[in-house]
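**Student:** Residue-level listing of the chains:
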Amino acid sequence: MAEKHTEEHTAGYGTYFYVWITLLLFTVITVVVSLMHLGNLSILTALVIASIKALLVLAIFMHLKYEKMVFKVMFFVAIITLTIFIGMTFIDVLYR
Amino acid sequence: MQESSGHAMEKHVDYTGSKIGMWLFLFTELILFGGMFLLYSVYRYKHPQEFHAGAVELDVVLGAFNTVILLTSSMTMALSILALRKGNKKLSLILQLATIGLGLLFLVNKYFEWGAKIHHGLYPGSEQILQRGKGEILFFGLYYTMTGLHGLHVLIGLAVIGFTVYMTQRERITAEDFVILENTGLYWHLVDIIWIYLFPLFYLIT
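Chains as they are written, first to last, in the numbering used here: chain X, 1 to 96; chain F, 1001 to 1206.
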C-alpha cells in the first residue's frame, strides 16, 4: 500500500493563486525595468528578478519548501555545482 | 484515506524514492541548460554590442505573452495535483487539460515567432545571417538552439501530461497514489523555470 501523505503540508488553492499573481507582477516589473535602459545594471536586475521568480516556482509550485531536508540539500548541491562551473569559466575568460 | 480492498490491490510505492529520482533527473537537465547559459554568458561578454543588436530584433510582446502563458500553465499544473489530492478527479482532469492547452498555445506562438524570423532570412547558416558580425551569428545560433531545446521540452512535457490525463481518467493515478502526476508536475515547472531565464536573457537585455 502507498505511504500515507495526509500528514504532509502543501499549499492550498489560494497560495498557488497568489504565487501566480506575484510571478505575473515580477514579469511586468522586469519588462518595465528593461525599458529604462539601465546599462550594465539591467543585466543584474533581470537576473535577480528571474531568480526570485524561479525560487517562488521551486518553493511553492514544486513543493521544495514542504519537502524533507534531503531534497533541499540535493538542490543546494546542484546549484553550487552549477555556480562553480560558471564561476571557474568566468575566471578563465576574464583573466586569460 | 481510502482503504485498499484486498491483497491484490496492494503494491509498494516508495513515494520519497520516486521523487528523489525525479529531482536527480531534473538536476541533469539543469546542468544541460546551465552549460548553454554558460555559453551564452561568455559569448555575450565577448560581443556585447552585437548581442544587443540581436536582442533588439526579437519580439518582446510575444516573449512576454509566452512567459504569461507558461507561468499560468505552471499554476494549473500545481492546482491539478492539489485537486486530485483533495479527491476532485474531475477538476484535476480539467486543470491537466488546461495545462496542455496552454502548452500548445506556447508552441503555436513559438511557431509564428520562428516563422517570422525564418521568413526574414534569419536562421542559422542563412545568407543574410552570414553577412552579419560574428556576435550576431552566435546570438541567433544560441537563440535557435536554446529556445529550440526548450520547445522540445515543452513538447515532451505535453506528451507526458497527455499520459497522466489518461492515467487519471483510468484511476491509475489517484488521490492516494499520485506520484506520477507529481513528478510530471516537477518536470513541467522546470521547463517553466528555464523559460523564466530565457525570456530576459534573449528578449529583454538590450
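Hints in this document: simulated from the structure, not taken from any laboratory. A hint or two may mislead.
[Unchecked claim] Just so you have them, the derived chain X footprint on chain F, three or more residues with Cβ under 8 Å:
#, region
1, 1034–1043
2, 1063–1071
3, 1075–1086
4, 1152–1163
5, 1196–1204
[As the list claims (entries may be wrong)] Computed list of lysine-lysine pairs in DSSO-like fashion (alpha-carbon distance at most 30 Å, straight line):
#, chain 1, residue 1, chain 2, residue 2
6, F, 1046, F, 1134
7, F, 1089, X, 65
8, F, 1046, X, 72
9, F, 1046, F, 1117
10, X, 72, F, 1019
11, F, 1090, F, 1046
12, F, 1110, F, 1134
13, X, 65, F, 1090
14, F, 1089, F, 1046
15, X, 65, F, 1019
16, X, 68, F, 1086
17, F, 1089, X, 68
18, X, 68, F, 1019
19, X, 65, F, 1086
20, F, 1117, F, 1134
21, F, 1019, F, 1134
22, F, 1117, F, 1019
All residues carry an ideal CB built from backbone N, CA and C; glycine is no exception.
**Student:** Next step is simple, just say for each hint if it's right about the structure.
**Tutor:** The hints, checked one at a time:
1. Remark: the region 1034–1043 of chain F is confirmed as covered by chain X, as 6 of its residues place a Cβ nearer than 8 Å to a Cβ of that chain, reaching the required three.
2. Here's how the region 1063–1071 of chain F fares: 4 of its residues keep a CB closer than 8 Å to some CB of chain X, so the rule of at least three is met and the hint holds.
3. With a cut-off of 8 Å between beta carbons, the region 1075–1086 of chain F has 6 residues touching chain X; three or more are needed, and the interface restraint holds.
4. Coverage of a stretch by a chain is defined here by at least three residues with a beta carbon nearer than 8 Å to that chain's beta carbons; for the region 1152–1163 of chain F and chain X the count is 0, and the condition is violated.
5. Counting residues of the region 1196–1204 of chain F whose beta carbon lies closer than 8 Å to any beta carbon of chain X gives 6, which reaches the threshold of three, so the coverage claim holds.
6. With a C-alpha separation of about 10 Å, the suggested pairing of residue 1046/F with residue 1134/F holds against the 30 Å cut-off.
7. At roughly 25 Å between alpha-carbon atoms, residue 1089/F and residue 65/X fall within 30 Å of each other, so this suggested pair holds.
8. The hinted pair formed by residue 1046/F and residue 72/X fails the criterion: a straight-line CA distance of about 35 Å is larger than 30 Å.
9. This hinted pair checks out: residue 1046/F and residue 1117/F have alpha carbons roughly 24 Å apart, not beyond 30 Å.
10. Of the pairs offered as hints, the one joining residue 72/X and residue 1019/F holds, with about 12 Å between alpha carbons and a cut-off of 30 Å not exceeded.
11. With a C-alpha separation of about 53 Å, the suggested pair residue 1090/F and residue 1046/F falls outside the 30 Å cut-off, and the hint is violated.
12. At roughly 25 Å between alpha-carbon atoms, residue 1110/F and residue 1134/F fall within 30 Å of each other, so this suggested pair holds.
13. Restraint check: the Cα-Cα separation between residue 65/X and residue 1090/F comes to about 27 Å, which is no more than 30 Å; the hinted pair holds.
14. At roughly 53 Å between alpha-carbon atoms, residue 1089/F and residue 1046/F are farther apart than 30 Å, so this suggested pair is violated.
15. A threshold of 30 Å between alpha carbons decides the hint, and for residue 65/X with residue 1019/F the separation of about 14 Å falls inside it, so the pair holds.
16. Note on residue 68/X and residue 1086/F: the hinted pairing holds, with a Cα-Cα distance of about 21 Å set against a maximum of 30 Å.
17. For the proposed pair residue 1089/F and residue 68/X, the alpha carbon gap of about 27 Å is at most 30 Å, so the pair holds.
18. For the hint pairing residue 68/X with residue 1019/F, the CA-to-CA distance comes to about 11 Å; that is within 30 Å, so the pair holds.
19. Proposed proximity of residue 65/X and residue 1086/F is supported: the alpha carbons are some 20 Å apart, at most 30 Å.
20. A distance of roughly 18 Å separates the Cα atoms of residue 1117/F and residue 1134/F; the hinted pair therefore holds under the 30 Å criterion.
21. Distance check on the hinted pair: residue 1019/F and residue 1134/F sit about 43 Å apart at the alpha-carbon level, beyond 30 Å; violated.
22. For the given pair, residue 1117/F sits about 40 Å from residue 1019/F by alpha-carbon distance, which is inconsistent with the 30 Å threshold.
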